[in-house]
Structure formats: structure tokens, C-alpha cells
Amino acid sequence: MSKSDTVSLKVEFGGGMELLFSNQRSHKLTIPARVPLDNGTSGLPADTTDENSKPADISYLIHHLKDHLLKERLELFYENGTVRPGILVLINDTDWELEGEGSYILKDRDEIIFISTLHGG
Amino acid sequence: MAPRTCGLCSLAKAILKRPKTGQQICRECFFYVFETEVHNTIIEAGLFKQGDRVAIGASGGKDSTVLAYVMKTLNERYNYGLELFLLSIDEGITGYRDDSLETVKRNQQQYNMPLKILSYDELYGWTMDAIVAKIGKKNNCTFCGVFRRQALDRGAAMLQVDHIVTGHNADDIAETVLMNIMRGDIARLGRCTSICTQGEDTIKRSKPFKYAYEKEIVMYAYFKKLDYFSTECIYSPDAYRGHARTFLKDLEAARPSAVIDIIHSGEAFDVKEEVKATQKSQQICKRCGYMSSNELCKACTLLEGLERGIANAGVTERGMKRLEAEGPPPESLRTIPFFNKPLSQLDGRPALFVEAPS
Chain E
2 MSKSDTVSLK
12 VEFGGGMELL
22 FSNQRSHKLT
32 IPARVPLDNG
42 TSGLPADTTD
52 ENSKPADISY
62 LIHHLKDHLL
72 KERLELFYEN
82 GTVRPGILVL
92 INDTDWELEG
102 EGSYILKDRD
112 EIIFISTLHG
122 G
Chain R
34 MAPRTCGLCS
44 LAKAILKRPK
54 TGQQICRECF
64 FYVFETEVHN
74 TIIEAGLFKQ
84 GDRVAIGASG
94 GKDSTVLAYV
104 MKTLNERYNY
114 GLELFLLSID
124 EGITGYRDDS
134 LETVKRNQQQ
144 YNMPLKILSY
154 DELYGWTMDA
164 IVAKIGKKNN
174 CTFCGVFRRQ
184 ALDRGAAMLQ
194 VDHIVTGHNA
204 DDIAETVLMN
214 IMRGDIARLG
224 RCTSICTQGE
234 DTIKRSKPFK
244 YAYEKEIVMY
254 AYFKKLDYFS
264 TECIYSPDAY
274 RGHARTFLKD
284 LEAARPSAVI
294 DIIHSGEAFD
304 VKEEVKATQK
314 SQQICKRCGY
324 MSSNELCKAC
334 TLLEGLERGI
344 ANAGVTERGM
354 KRLEAEGPPP
364 ESLRTIPFFN
374 KPLSQLDGRP
384 ALFVEAPS
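Heads up: the protein sequence lines correspond to chains E and R, in order. With the first sequence counted from 1, adding 1 to any position gets you the working numbering. With the second sequence counted from 1, adding 33 to any position gets you the working numbering.
Simulated from the structure, these hints should not be mistaken for laboratory data. The model shown is predicted, which means the values in this text are computed figures rather than measured ones. Incorrect hints may have been included.
[As the list claims (entries may be wrong)] Think about it this way: if two alpha-carbon atoms lie no more than 30 Å apart in a straight line, the pair counts; the simulated DSSO-like pairs of lysine-lysine are:
1. K72(E) / K170(R)
2. K46(R) / K11(E)
3. K108(E) / K29(E)
[Said to hold, decoys possible] So the derived label-pair ranges between C-beta atoms look like this:
4. K171(R) / K29(E): 39 to 45 Å
5. R182(R) / S9(E): 29 to 35 Å
6. K29(E) / I219(R): 37 to 43 Å
7. E61(R) / S9(E): 48 to 54 Å
8. N24(E) / C42(R): 18 to 24 Å
9. E61(R) / R110(E): 48 to 54 Å
10. A286(R) / L45(E): 40 to 46 Å
11. R274(R) / G44(E): 27 to 33 Å
All C-beta atoms, glycine included, are put in the ideal place defined by N, C-alpha and C.
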């Protein structure tokens with residue numbers, strides 16, 4: 002694949018979230034630039050068109066993490082197609098609520114951070 | 034998407050959407066409004082006076098770490114004139130509390146505050162590890178909760194402080210309101226939203242983060258790069274609170290003001306005097322001197338049960354009956370050291386070692 006076919010990201014976990022991801026805080030990740038509309042993570046089907054695919058967004062990333070990096074306790078990370086309520090997401094150090102949440106389109110070298118607020122104080 | 038500018042200063046890029054107001058604000062304005070709101074909470078409730086000695090209940094977790102940092106910041110910025118201490122309770126949970134106490138020890142250096150650690154082992158002769166080994170994971174939270182409450186008060190008495198502040202945040206309080214409604218515990222419902230609780234004999238306790246959202250506390254810790262510890266307790270969590278918590282997070286996702294709205298609802302309940310009166314009057318535990326609603330305080334009852342091998346003595350009616358049926362405790366029974374209240378609590382004099390503000 003040529004360079005523009007993929008997006009390279011830095012993904013970090015904090016607030017206890019890292020425990021679900023091999024107890025590793027920081028992950029470097031390369032994902033396809035175009036992905037299936039249904040966020041399937043096993044690659045694009047052969048009959049891919051612009052209509053049945055989309056640019057990789059945060060929603061896709063969440064599915065990708067769930068299918069490929071998550072090691073345990075899915076329910077603490079993922080719920081109803083997105084992250085579980087109570088998990089904060091930062092896109093390049095900005096609250097994802099200001100960036101369109103799941104529909105934010107990922108760019109090369111973006112830094113995405115997931116922080117759990119669910120652990121004891 | 035074009036970057037949005039801060040709704041307060043109109044200069045910098047917004048980095049956070051405030052759950053309470055929906056406002057979009059930049060990093061510096063966020064620090065300022067977060068700290069100022071806590072300051073306003075403290076001032077409006079009149080929590081402190083010059084010269085107060087205040088212990089921050091510190092677990093190493095996000096809430097108490099941010100609380101210690103913000104208390105230090107505000108004390109210096111607004112000249113509260115407080116003497117601040119960190120007070121940690123070591124429940125004796127290997128792989129959980131030992132790690133989080135390391136965080137508190139680093140906070141002690143970072144914030145330059147004296148630290149007192151009081152362990153269940155030295156106070157009760159039992160660690161939580163030993164208790165769970167004896168009784169299993171059912172009901173262990175009862176022991177831990179009762180023991181922690183008393184340990185905090187005793188630690189505070191040792192530090193001779195006037196006041197304990199804890200990191201309970203708006204989400205915690207909203208959860209408690211919901212739990213009290215669902216359990217029909219109307220007397221507690223009436224009390225649980227108070228920012229400050231003080232019985233006749235107890236050391237004053239308050240919650241400066243009463244109106245601070247968990248999201249903002251975590252964001253504050255993140256942007257300030259504060260050092261905190263986050264791991265769930267390895268013993269079974271409070272399942273009932275877990276349900277209330279999930280429910281609250283779902284509500285918040287649909288309507289971010291839900292947390293503050295529930296607190297306001299809790300505050301607006303007017304509990305009848307006769308309902309409040311169902312709380313038993315307080316007395317002094319005949320064995321350890323701690324305040325109690327019975328002859329023996331809950332901690333002494335739980336400890337006696339552990340020592341005599343009737344672990345549910347302080348938990349269920351049946352256990353209590355069994356304990357009574359077995360007669361009086363042996364002379365050699367291990368007990369909690371006698372609690373001597375700080376002098377200031379006895380006769381209204383100011384605490385020891387406090388110099389008058391100049």
C-alpha cells in the first residue's frame with residue numbers, strides 16, 4: 002500500500018484503561034485510511050466503492066482497538082458501538098466532544114487518548 | 034473541523050466542553066474556573082477559618098490527588114491561613130493500597146505537606162488481606178467502610194487537626210442521592226448532600242468538590258500532569274453503587290447536567306423532623322471511646338466477631354445473636370486503643386499548637 006492508504010496514530014490509555022490493553026500506556030498504530038461503513042476491522046471487501054466505505058474515523062478506531070488490542074473485559078471499554086460512558090477521549094489534547102466525537106476523521110500522526118474516570122478516587 | 038475559540042477569553046483554542054454548562058473553554062480558563070468554583074464553594078459554605086489545621090484524606094487516587102493540589106493552590110492564592118496535612122489510611126490490601134500509598138508519598142514531596150499513614154493493622158490488628166482470608170469477599174466492604182471511617186477520625190486526632198476534607202465529587206454525591214432514594218433511606222437522603230457534616234463529638238468533615246464533576250477532575254489531573262494512581266480495589270467492589278454509577282453515567286451521556294440536577298434534587302428534599310429522629314442518639318462506645326449509636330461501636334462489634342470467629346456478628350442480626358449467646362468476650366480479647374478526642378472538640382478551645390493569625 003502507498004503511504005496515503007494508511008494513517009499512523011499514537012494511542013494512549015490512562016486512568017486505569019491501560020490495564021485492559023496489556024498494561025501498556027502508549028501504542029503506535031497504523032490503520033487503513035478507508036474503512037467499511039459498518040466499522041468492520043478485517044479489511045475492505047473486494048467490491049469496495051466510495052459508497053460502501055468511509056475515511057477512518059474515531060468510531061472505526063474504537064472498533065479496531067476492541068478487535069485487535071483489547072486484552073480483557075470488553076464491557077469496561079466498549080458499549081453500544083462506542084466507548085462506555087465515563088471514558089474520556091482526547092484528540093490531540095482536545096476533548097473529543099469539541100471534535101465531533103466518533104465522526105472525527107483521523108489524520109496521520111494524530112494522538113488519541115482514552116482515560117477512564119471509573120476508577121476509585 | 035475548524036478549531037473553536039474559548040467561550041471565556043475568546044483568544045485561545047477551546048480544549049474542553051464543560052459538562053455542567055456546555056461551555057467550550059481553553060486550558061488556562063479551565064484551570065481558572067475549576068479552581069475558582071471550588072474556592073466559591075469553600076467561601077459560601079464558610080468551611081474554614083484562619084489558622085485551621087486541615088487533613089486531606091488522601092488515597093493516591095485522582096480525586097484526593099487533585100484535591101490536595103487545589104487546596105494547596107487556593108490556600109496560597111487566597112491566604113486561607115490553613116495548615117494542610119495528608120492523611121492516608123492503609124487498609125492492608127497487597128497490590129492495591131501499597132501501590133497507591135507510594136503515590137501519596139510522592140505527593141507528600143511534590144506538595145510539601147506532612148503525611149500521616151495509619152494502618153488497619155496497627156489500629157485493629159487486622160489487615161483487609163487477613164479479613165478477606167477469614168471471611169471471604171462477601172461483606173468485606175462493610176468491614177472496610179466502618180474501619181476506614183473510624184481510622185480517618187483517629188488519624189485526624191493524632192494530627193490534632195480541626196477538620197478533614199475528602200475528595201468526594203459531584204458524581205459521588207449524585208450516586209449517593211440515587212442510592213438513598215432506591216433504598217428508601219430517607220434519613221440519609223436528608224443528610225447526604227450536606228457539604229459539611231459534624232456530629233457533636235466527631236471531627237468536622239467536608240467535601241470541597243461537592244459541585245466538581247468527575248470529568249473535570251480527571252481532565253484537570255491530565256492537563257496538570259498530576260501523579261495519581263488508578264486501579265480498582267482487588268476485593269469485590271460495592272455492587273449496588275456500581276449500578277447507580279452506570280445509571281448515572283448513562284443519564285449524563287444523554288443530559289450532561291444530570292449530575293448537578295440530581296444533587297439539587299437531593300438538596301431540595303425537606304425531611305420531616307420525626308424521620309430525622311429515627312437516627313439513634315449518639316453515645317460513647319464503652320470499649321474504645323469512639324462515638325456510637327449502641328453500647329459498642331460498630332468497629333468494636335466487627336472486631337470482636339473477627340477475634341472470636343463469628344465474622345458476621347456485626348453484619349447480620351443472626352450473627353449478633355450468636356455472639357450474644359456465646360457470652361461475654363474473653364478478658365484477652367484484642368480491642369481498639371481507647372479514643373481520646375482532641376481537646377478542641379471537648380471544650381471548644383482552639384486546637385493545640387495553633388498560633389493566632391497575625
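Structure-based check of all given hints:
1. K72(E) / K170(R): 25 Å, holds
2. K46(R) / K11(E): Holds. K46(R) to K11(E) sits at ~22 Å (cutoff 30 Å).
3. K108(E) / K29(E): At roughly 14 Å apart (the allowed maximum being 30 Å), K29(E) and K108(E) satisfy the hint.
4. K171(R) / K29(E): 39 to 45 Å: 44 Å, holds
5. R182(R) / S9(E): 29 to 35 Å: With a Cβ separation near 51 Å, R182(R) and S9(E) fall outside 29 to 35 Å, so the hint is violated.
6. K29(E) / I219(R): 37 to 43 Å: 54 Å, violated
7. E61(R) / S9(E): 48 to 54 Å: The hint (48 to 54 Å, Cβ to Cβ) is violated, given that E61(R) and S9(E) are roughly 31 Å apart.
8. N24(E) / C42(R): 18 to 24 Å: Given about 39 Å between the Cβ atoms, the range is violated.
9. E61(R) / R110(E): 48 to 54 Å: Check failed, 25 Å falls outside 48 to 54 Å.
10. A286(R) / L45(E): 40 to 46 Å: The hint (40 to 46 Å, Cβ to Cβ) is violated, given that A286(R) and L45(E) are roughly 31 Å apart.
11. R274(R) / G44(E): 27 to 33 Å: 42 Å, violated
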